[in-house]
Structures are given as C-alpha cells and as structure tokens.
Amino acid sequence: MDVAALITVIVLVGLAVLFVGQPLRRGAMTPVREADEGRIADLRAARLAKYGEIRDAEMDYRTGKLSEEDWRTLDRQLRAEAVDILHELDTLTPGEADALQVPEPAPDVPAHEDDPVATIAER
Amino acid sequence: MATVGQACLLISLGLCGYGAVASVYGARTGRDAFVLSGRRSLFAVAGLVTVAFVILEAAFLRSDFHYTVVATHSSTTTPWYYRLAAMWSSQQGSLLLWVFLLAVWSSVAMLLLRGRLRDVAPYATAVQLGLGAFFCGLLVFAAQPFETVAVAPSEGIGLNPLLRHPSMMIHPVMLYSGYTLFSIPFAFVVGALIVRRVDAEWIRATRFFSLAAWLCLGFGIILGARWSYSELGWGGYWAWDPVENASLLPWLTGTAFLHSVMIQEKRGMLKVWNASLVLATGILAILGTFLVRSGILDSIHAFVEEGNTIAWAFTSLICALVVTSVYLVVSRRNDVLRSEAHLDSMFSREAAFLANNLVLVGVAFVVFWGTFFPLISEALTGKKAAVGPPWFDQYVVPLVLILVLLSGIGPVIAWRRTTPGRLWGTLRGPVIFSAVVGGLLVLFTNAASDLQSMILFVVATFAIAVAVHELWRGMRARQLMTGEHAPQALVSLVKRNRRRYGGYIVHIGISLIFIGVAASSAFQHTRDVVLKPGQSARVGGYTYTYLRPTAKIEQRAGELERITLGSKIRVVHGGRQVALLSPTRGYYPTNAPALGVLSRYFIGDSTSEVGLKAGWRRDLWIAEQPDISNLLPIVRKGDAVFAKAAAGGLSPARESFFLAQALNGLVARYRQSAPPAQFRIIVSPLTGWIWFGALIVLFGGFTAAWPNAGAARGLSRARYTARVARDLGRA
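From first to last, the protein sequence lines are chains U and F.
Taking my numbering, the leading residue of the first sequence gets 1, the next gets one more, and so forth.
Taking my numbering, the leading residue of the second sequence gets 124, the next gets one more, and so forth.
Rough simulated footprint, nothing fancy, chain U against chain F, three-plus residues with beta-carbon under 8 Å:
| # | segment |
| --- | --- |
| 1 | 125–135 |
| 2 | 149–163 |
| 3 | 239–248 |
| 4 | 531–538 |
Everything labelled a hint here was simulated from the structure, so no lab data went into it.
In this text, a Cβ means the ideal position worked out from N, Cα and C, and glycines have one as well.
Next up, chain U with everything else stripped away, as it sits in the complex (with noise of 0.2 Å):
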C-alpha cells in the first residue's frame, strides 16, 4: 500500500468516526419521541386522508357517479368520521387548537370559500 493510499484511508476513517460519533458526543441522550406524538402524525395524516374522501365524493356527486341523496348520505358520514378525527386530535393537542383559531383565508381561496363543501372541494 503506498503512503498516499494510506493516509487517504485513514483521512476517510477519520472522517467516518467524527461524523457518525458526533451525536454521540453531544451526549443527545434525549427520548425518541414524546407520548403519543406517533398518534397525532398518525390522526393528522388520517385528517388529510379524510379530506381527500370528501373531496372525491364531491368530484364524483359532480362527474354523475353519485346521486345526489348518496353523495349527501355519504358526505354526512365521511364529515362525522372528519369531526371524530378532529375531536381527538384537539384533544391530544389542545394548544395547537387554540392556536390555530385565526380566520384569515388564505389568498386563492375562492368566493365560494364560506361554503365549507366548496371549500373542501377546492383543497
């Protein structure tokens, strides 16, 4: 091994220690997450995903695959699964919540935008 591959190796090896080690270093002994953080990112993606059922039911009352005394039925049920989301996420986070209570509409939000259904279908 020449003298130039050598110290390279050791450069790299170096390098590899410091950075992977550095963490440990720090002493960052801290837990991995917080109590039922994995629940609220899970309730939280459940909330986008609800969203998104209301959405398309909406698309398909529209595009004619729904009546519209089913997409109404379905549109009361998929709200009611939305709101027992949104219960317990406020529940798990209960600052955000209050937070949250500011009611300036985003810029491109259209003029339909105090129809909560338009509203919805939009996002």
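Following the hints, complete the assembly by docking chain F onto the known chain U.
Same frame as chain U, but now just chain F:
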C-alpha cells in the same frame, strides 16, 4: 486508488453493522443520540460507497487494466460512454451499483422524512443498513471490484457486444433504482410492524418512493424490451425469460400495492394485504437481483461469470427476509393489522381495486411459477424442465383481459357504494364507443381472426375511453365550479389530484401498450430467408430486395473496434419504395492467444444491428446473418503466413501494416462477392404503440409522483387547514 476503494467498502461494511445496531438500540432505549448516530452511518455509507463507485468508474474510463474487472469487461476500443456502463456488466460492478443506489436513495429518503415517523424510522434505517451490510459483505468477501494485478495486460477483453446499446446504459440503472427504491417502503413497513404502528402516516410518508420505484422499474423493463427488440436479432421484445420475469414480479406486486394502499389510506382496510404486498415486493426485488447475478436459471440476460459464489448468500438473505416478514405479519394480524372498516358494497371502487389486486397477484403467481418451474421440476424429478411463452400466454392473457377491463371500470365507480343504474349511466358512453370501434375493426380489418386480440382491442379501447371521459367530465365539473377555461380547468383538475389523474394517464398508456402487444403478437408476419444480392422476398405485403452487400472496418482510438458486414435492403409496398434498410452484423476482435492474427477478427463475439423502419401502423424489421464461410479459408491461410513471418522476425509495425492490408482486402472481397446471406424479416403492426404507450405511462407516473403543491401548501398553512377543520366540525 484501488486500496482506497477497497477501504471504502470495508469501512462501509463496518458502518452498516454499527449503524443498524445503534439505530435499534437507540429506538429501544429511547436514546436519540444513538438513533441519530445510526442515521449518520447511513449517510456516511452513501458517501463512502460513492467514493468507491467513482474510483471504479474512473478506472473504466481511463482503461486501467490493473483492475481485473476493467480488463475483463472493457477495452481501449470500447467507446467511452459504454466504458461507463461496462462497470455494471460485471458481477462486482453491478453489486457495487446496487449498494451505491441503495445507500443514495435511502439517504435521500431519510433526509426527506426526517422528523416524521420518528419511532419507525430507526428500524427502517436498521433494515436499510442491514441490506447495505449484505451487499458490502459480498463486495468485500465474495466479488471484489478492486482486485488488481501487478502487471496490467496491454488490452482488455472488452464489453460484451450485446451490451453495446444505448438502452443498456440506462436499463440496469433504472432496474436497480426500482429495486432499491422499493426497499424504502419495505424498510418502513418492517419498522411500522415492529413498533405496531401500521396506519396512514407511513403510507403517506413513503408514497413518493413507492411511485418512484414503480416508475423506475417499469421504465427499466421497457428499456430492456426495446434492447431485446433492436439488438438481439430475434425480432421480439418479450420472451418470458427468467430475468425479464424477475423484474416484472416486483412491478406487478408494486402495481397492486399502489392501488390497494389507497383503500387503506381512505378506509383503514386491507392492512394485512398491503403489508404483505410491500414485503413481497421488497423481497422480489432482491430476488430479481439474485436471478440476474446468480445464473441459477438459464437466461439471455444473466451475464454471470464462472465460479459464482454468491448464490448461497442470496438464498440465505431471501430465506431470512421471508421468515421475518411472515412472522411480522402473522404476529400483528389481530391487532394493528385489523381492518377498521368493511366493504360497503360490491359496486364500489374498493371492490374494483380489490378485484384488480387479485388479478395482478394472480399474474404475479403465474409468472413466479413459470419462472421457477425449472428449479421446482429439478427438485422433484431431477430434470430441469422449462415452460415456454405459450404456457405463460395461456394463463396471463385471460388475466390481462380482466385487468384491462377492471382498469376501465374502477375509475367510474364511486368510493363506498354506487348503484348498478348509476354505474351503467357512467359506463354507457365508453361502452358504446368501444363497441363501435370493435365493429369497425371487424368490418375493415382482419382483427377478428384472432379472438383474444380482438377482445383485448375492445377492452383496451374501453379503458382508454373511460380515462379520457373521466378527464373530460372532471374538467367540465371544474369549469362549472370555478368558471375556468377548459385548458385551465384541465390543468387545475390534474394538479389538484395528481395521483388520481396521473393514474388515469397511466391507464391510457398501459392500454396502448397492450394494444401494441396484442397486434404485434397476433398479426406479425415473420419469414426467414436466404437471399443473394438482387433477390427479393415478399413478407406481409412488402417486398424486401437485397440490393448490395456492405462491409467496413470501424476504428476507435486508432484501434480496430469491429468489422461490420451487412447489406442494403430496399422495401417496396404498392409499387413505392417505403424504406431503405441497413442491417449489419458487427464482428469484434478477441484477445484469445490461441487464435491466429487474422482469425481473432472474425471468430470473436458478434452482434446484430437490425434494420428498422418504425411507424405508427407497422414496423419493418430485418436482421442479417452474413455468411463468412468463404472468407474463413483465406483467413486461415493468412494466419499461417503471419505466423511464419513473425517467426522470421517481422517487426510489430510491419505486422500492423500488413494486417491492415489483409483486413481491407477481406472486407473488399466480401463487398464484391458476398455469398447469400440469411435474413429474418418481420412486418409487425402497431409495435410502435408499445414504446409510445410507455412514454405516456412515464408521463402519467411523473404526474402522479410529482409532489402535490396543494398538499405542500396545506401543510405549510396549517392554520388555514385548522379553519377548514373547524368548519367541518360545525357542519
């Protein structure tokens, strides 16, 4: 530099082992520092493997024949762009490519997903590092890419001529990208099962990587088919070859997963099924690599060397993965994998997706069985028996017909439930359209002469009509809702639900591919003929005339790269010339010392370059096998003369001069008096639709995989999302 490269692999192996242990230890004890250290190990491995990869590529580029792998897989006459790709034609290089892509894609995933799935991610990191350790172990102990010799040979053996094709530069990279990207959802589902958190979040987190894997693998498969069509000289693009099948298997299960995961995301159903599909896809990806590199099954694609020692290692890994996966699914089936809802109706999109999944898995099972039948038969009877394309076709074709039909029905059914009357209302237009197209085909073409193809044409037309109709109806609905102009409404529609409409575009592309496959399989005209210059052959209504032979010496970097013998073929249809084709066969010199000075230019590897005129309606294809038997006696005489001259003290410079004279003379002789050559002539309808359909699939896949701007805005504007949530709560 070889020492540095080898050291990089050795350090990577150590880091993989350390990182996997640190990640699991950190996760189990709640010590974030170890989790972070484990993740950094993955990044460090990516860096080190990249260094090793670059060192080896540089060796190929500068033709450093001290590296055994370079000397045996490249040469100075190999063009520089093929030298870059020559690396993965070798066992060692392809394994290094695998671990390089695994490390890079895994690091990208961990960077993009940092802060999310924090309890699952350490286990996913450990799985990725475990796979990395396996491949690094192979590279360190079994297939060393940095093995060198003290005295380098003056010339390398060269890249297998079959691999000198543009597709082959990208095809393996895309396949391996697909395989390694599929390891990301695989690793995350293993982590999710370990921590018992199999919910919507891991699906959302890994969705992009699942789609990217599917896209890369699909593109790789198509590139392989294109290579087969234009390089192998048999005129086909798919032969149910074991290695082709091995890449198709994870693509099929991955396709099933991409559909069924939507049901879990929306309804919390099919959790066992989805977890099993992701695990199976990850394992099948490893199996695909194994089949290419092990040579346990005979394949034109298995570029495997003698003395292969990696089969046992792959077998052990696959067994371990299967056992672990089965244990995880079975042990979690009654708690976290329990379904949260039931199927509301058979007339629902969930039901259609479920049926689509069953068919896809059915196809995968047929392909798996047919591929491994030689091994199964050998184990049971002691004889290795293989099944051919007709066996695959008899099972796969009916399943594909159902699949295409379902791909048309699925998009028009509402989630949860619909009524038969409403379903018919949405299907009526596409059904009538496809029936009309079917009628026109019966009246004006001979499509009805092959029933299966005819059915496929109709159902594929139906699926395309449904997808186009859905895009149109969605656009119209959006116009009514927002007052946008049609193009703007269409773009907005797709942008706001990229996955759905990207999926519809993919359906259109897949249907076009199947139309091309059905037409080119059932209505292809093929003829093998022997022609002398001036003679003609009539195939599928086209007259192919052998105008004249061609022959030339091609040089690169001052060295002879190959001798190309071929012909000029005129194709006439309806009294009009429609194409002038130039099929050739390239003869690459070999370094075998036992061969004479001239023989080595004619008795080495040779490969076919087909003459092809591609079109929307049909491809005109021709491959040639020149007859060099009349040249060989002269070549042998020349060998003897050169041997005698060399013994008499002929200098190398004079030998080169006379060699050039002799080769030019031989080439001129072939041009002037070529003997009859053998040709395979094919007139193949709609083959171009396969490649065009693949481009549409690619576009649709990109559309679906592209990060959703709406979703990103939704996340960044969580405050506004909360307002929507409150509105929902009041509703």
